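Listed below, chain by chain, are the residues.
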Amino acid sequence: MAERRPTEHLSSVLGSADSSKLQPQPQDHMADGSGNAHEHDRLAAIVSSSNDAIIGIDLDGTIESWNQAAERLYGYSEAEVLHKNISLLVPPDRLGEMHRVLERIRRGQRVEHFEAVRVAKDGRLRQVSISVSPVYEGGRIVGAATIVRDNSERKRLEEQSRQYTKRLELLHEMDRKILQHESARECAEFVIRQLVSMVALPRATITVIDFNAGKARSLVSYAKGEFSHGIDYPLEPLMGPELSEALRQGKTSIMDLASLQQVEGLERLQRAESRYVCVVPMHVQNELIGSLNLGARTHELFSEEVLVLARELGDQLAVSIQQEALRNQIQRHAAELEQRVADRTKELAEANAALETFSYSVSHDLRAPLRTMQGFTEALLEDHAPQLDPVGQDYARRVAEAARRLDRLIQDLLSYSRLSQGKVHLEPLDLHAVVREVLLDFAMELEQQKIEVTVEQPSLTVLGHQGTLIQVLGNLVNNAAKFVDPERKPQIRIKAEGFYDRMVRVWVEDNGIGIAPEHQERIFQIFERLSNRYPGTGTGLAIVRKGAERMGGRVGVVSQPGAGSRFWVELPKPPSA
Amino acid sequence: MRIPPVLLAEDDENDVLLITRAFQKSRLMNSIHVAVDGEAAVGYLSGEGVYNDRARYPFPVAMLLDLKLPKKSGLEVLAWVKQQPGLKRMPIIVLTSSRDIRDVQKAYDLGVNSYLVKPFTPNELTEMINTFNLYWLVLNEPPGNPR
Chain C
266 MAERRPTEHL SSVLGSADSS KLQPQPQDHM ADGSGNAHEH DRLAAIVSSS
316 NDAIIGIDLD GTIESWNQAA ERLYGYSEAE VLHKNISLLV PPDRLGEMHR
366 VLERIRRGQR VEHFEAVRVA KDGRLRQVSI SVSPVYEGGR IVGAATIVRD
416 NSERKRLEEQ SRQYTKRLEL LHEMDRKILQ HESARECAEF VIRQLVSMVA
466 LPRATITVID FNAGKARSLV SYAKGEFSHG IDYPLEPLMG PELSEALRQG
516 KTSIMDLASL QQVEGLERLQ RAESRYVCVV PMHVQNELIG SLNLGARTHE
566 LFSEEVLVLA RELGDQLAVS IQQEALRNQI QRHAAELEQR VADRTKELAE
616 ANAALETFSY SVSHDLRAPL RTMQGFTEAL LEDHAPQLDP VGQDYARRVA
666 EAARRLDRLI QDLLSYSRLS QGKVHLEPLD LHAVVREVLL DFAMELEQQK
716 IEVTVEQPSL TVLGHQGTLI QVLGNLVNNA AKFVDPERKP QIRIKAEGFY
766 DRMVRVWVED NGIGIAPEHQ ERIFQIFERL SNRYPGTGTG LAIVRKGAER
816 MGGRVGVVSQ PGAGSRFWVE LPKPPSA
Chain S
2 MRIPPVLLAE DDENDVLLIT RAFQKSRLMN SIHVAVDGEA AVGYLSGEGV
52 YNDRARYPFP VAMLLDLKLP KKSGLEVLAW VKQQPGLKRM PIIVLTSSRD
102 IRDVQKAYDL GVNSYLVKPF TPNELTEMIN TFNLYWLVLN EPPGNPR
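Protein sequence lines, in the order shown, are assigned to chains C and S.
Quick note: the first sequence uses this note's numbering, first residue 266, plus one each step.
Quick note: the second sequence uses this note's numbering, first residue 2, plus one each step.
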C-alpha cells in the first residue's frame, strides 16, 4: 500500500459533503491526479478543524490519520497513535464489537452513529457516537473513515437529569407520605428502601437522637433485607464528640468502625461487611434530631449521588419525625385535657349528687320536727284549750306560726337551690297558656283579696322551661298580690311585648306600695326584705331572678313609692319565631 | 268477725302519735299496728317470730308506709312485698314527708297503690286519714285474705 499523507487519504474520502462520494466510483474519477490542489487544501483544513474526531484507518484497523479533535478526545497526539491499531482505544470487552465493524467495512457497508465506549489515554472511559464509512481507492476498499463524536458531556447531563428526576420523584413521594401522616417509621423504611435499591447497602439505620438525655433510639434498622424497630442504645461510643460535632454542623461523616475502640457488641459490626458507616445528619429547622446511617463494606459505595439523596431524604424524614412527635404531643395533651374534663365532670356530678342528697335530707329531716311542733301545738290548742288561759293559747299559736314560717322558708330555699341545679331544658312556650296556669294557681287568693287582674297579651311564644316560668311569674303575681296599698283597690295587669327582635318582655304591674329606687336592686337578692309588715321569707324575687337567668333571660323593675311597681321578665324568642 | 288492723310502718314516735290521734278523730274502727322499722314491717307481714301469732298480730287490711325507715327503707319493704305471691295484692299507701319526684316515681314503679305526703297541720292530717278510711277501708274492694 502506497505511503500517503493521512489528510490526503481523508480528503479523497471526504472530498465533498455529499456522502454519495463515498459510494464506489469509477476509478478514473477518483484517481483524477489532476485533482485540484486548492480543493484538497480546503478539505484538509475542514478535517483538521472539525469538532468531531476524524480518524482514518486501514482495513486492519491501523490508524492512518488523526485530527486535532481526536487528540482532544483521547489525549493522544497524532505521533503517538499513528500506525498503531485502533484497538488501543477500545476497552478489552468491546474488541468483538470493533471487529464486527471492520468486517462490515470490508463488505462495503457503513456503520452510522453507534453508541460506544472508548478509552482515553488517561484511562478514563469516553461515551462516544461513532460513524464509520469505507474508503475506496481505485474501486477497491482500502480503509475506513471514522468520525467520532464525544458524547460524554451529553451522557453526563442525561445521567444528571435522570438522577435529578429520580430525586424529585422520591422527594415528592416523601412529601406525599408526610402529608398523608404516614408514620415516621413508614417514611423511614421508605427512605432506606430507596437508598438500598440504589446501592447494595447491607445495613442502614435511622436514628433519633436525644442529646439532652445522651440517648439514641433507632427508628428503623435495616440489615440484610430485614427491618427492625425501636432499639435504644447509648450515644457513646458510637457517637464520639467529633462525630456529634460534625452532625451538629450538618456535615456528613464517613467513619470506619474498625478505627473505634473495641466495645462489647461492636466487634461484630466492626468485622462485618458494613464496617464503613456513613452518618448523614437529619435537621429540621436547624435543629439536629437524628441521623441516617448507612453501612457498607467499602466507603467507595457512598457515591455523591447516594450522599445527596441521603441528605435530601434525611431532611424530609426529619420533618416527618418531628411532625409525628408534635402529633403525639397534641394527642397526649388532648387525652390529658379529656381526662381532666372527665375528672372535673365527675367531681361536679359528685358535688351535685351530694347537694341533692343534702336538699333531700333538708326537706325531709329538717321539716319533720317542724311538722311535729306545729302538729302538737295545734293538737294542744284543739284538744286542751280549756286548760289554757288566753295568754297560754296565744303562746301556743305563736309557736305554731313560727314553725309554719320556718317550714315555708325551708321550702322556698329548696326551690331556690333546685333552680340552681341540674339542666334546664328550654323549649318554645305559649305565654298565654303559662299565664293562665299561673292565675289558676292564685285564683283563690286573688278572689279573696278582691284583686282585679287584667291580661293584655298578644299570643307570644318564648323560649323557656315551663315549670321555671310558672314559678317565676307565680312569684311576681304573689308579690303583686302581697304588697297592696290599703288606700286603693288592688289591680294587677299582665302584659307582654316583643322587645327588640329577639326578646319578649312580660310585665307584671301592680298599683301597690311601690319600691324606692335605691332598693330596687336589693330586692332581687335572697333574704332581702324591705318590710316586716308583710309576710314572706325574702326568697320570692330571688327565685324570679334566678329562674329568669337559668332560662337565658333577665328581670327588672320600674317603680316609685306609692305609684305601684312594674316588674318585667325578659326571655328569648324561639329561633324560628 | 274481727276488723283487720292497718299496719303503720313509721319510725317517728311523734308522727305515730299524730297519726293515731287522726285515726281516733276520724273514728276508725280498725286498730293500728306499728312497725318501727323496715325489718319489723317485713317480719309482721311474713308472720315470722313473734308475729307468727296471728291472734295477736292479725293480717292487716292495708299498710301505711313511711319511706325513711331504719334497717330497711320503705322502698325496699315495698319491693319485697310486691314480690311475695301471698302479699303482693295488699294495698300499700306511702305516707311520707318526701315530695321528691324520684321517690314518687320509684314507689309507683314498684307498684304502690297510692302515694300521700304528710300534711303540715293535724287538721289536714285528720282529713287525709278520713279520706283514706273512706276510700281504702270502706269503698275499696279488698283483694281477699292471702291465707
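Calculated from the structure, these hints are not laboratory results.
One or more hints might be untrue.
Listed next, the in silico DSBU-like pairs over lysine-lysine satisfying Cα-Cα at most 35 Å (straight line) [claimed, not checked]:
1) K73/S <-> K611/C
2) K69/S <-> K611/C
3) K89/S <-> K69/S
4) K611/C <-> K107/S
5) K431/C <-> K489/C
6) K72/S <-> K611/C
Example chain S residues on the side facing chain C (calculated, C-beta under 8 Å, incomplete) [stated by the list, open to error]:
7) D13
8) K69
9) S98
10) N114
11) S115
12) K119
13) T122
Keep in mind that this is a model prediction, so the values were computed, not measured.
Even glycine gets a Cβ: it sits at the ideal position worked out from N, Cα and C.
Status of the hints after comparison with the structure:
1. K73/S <-> K611/C: 29 Å, holds
2. K69/S <-> K611/C: 28 Å, holds
3. K89/S <-> K69/S: 21 Å, holds
4. K611/C <-> K107/S: Between K611/C and K107/S the Cα gap is close to 25 Å, so the pair holds against 35 Å.
5. K431/C <-> K489/C: Given that 35 Å is the threshold and the Cα spacing comes to 24 Å, the pair holds.
6. K72/S <-> K611/C: 30 Å, holds
7. D13: Hint holds; D13/S Cβ to chain C Cβ min 6 Å, cut 8 Å.
8. K69: 6 Å, holds
9. S98: 5 Å, holds
10. N114: 22 Å, violated
11. S115: Check failed: Cβ of S115/S comes no nearer than 19 Å to chain C, outside 8 Å.
12. K119: Where the cut-off is 8 Å and the nearest Cβ of chain C is about 7 Å from K119/S, the hint holds.
13. T122: It holds, given that the least Cβ distance between T122/S and chain C is near 6 Å, below 8 Å.
Hints 10, 11, counting from the list given before, are not met by this structure.
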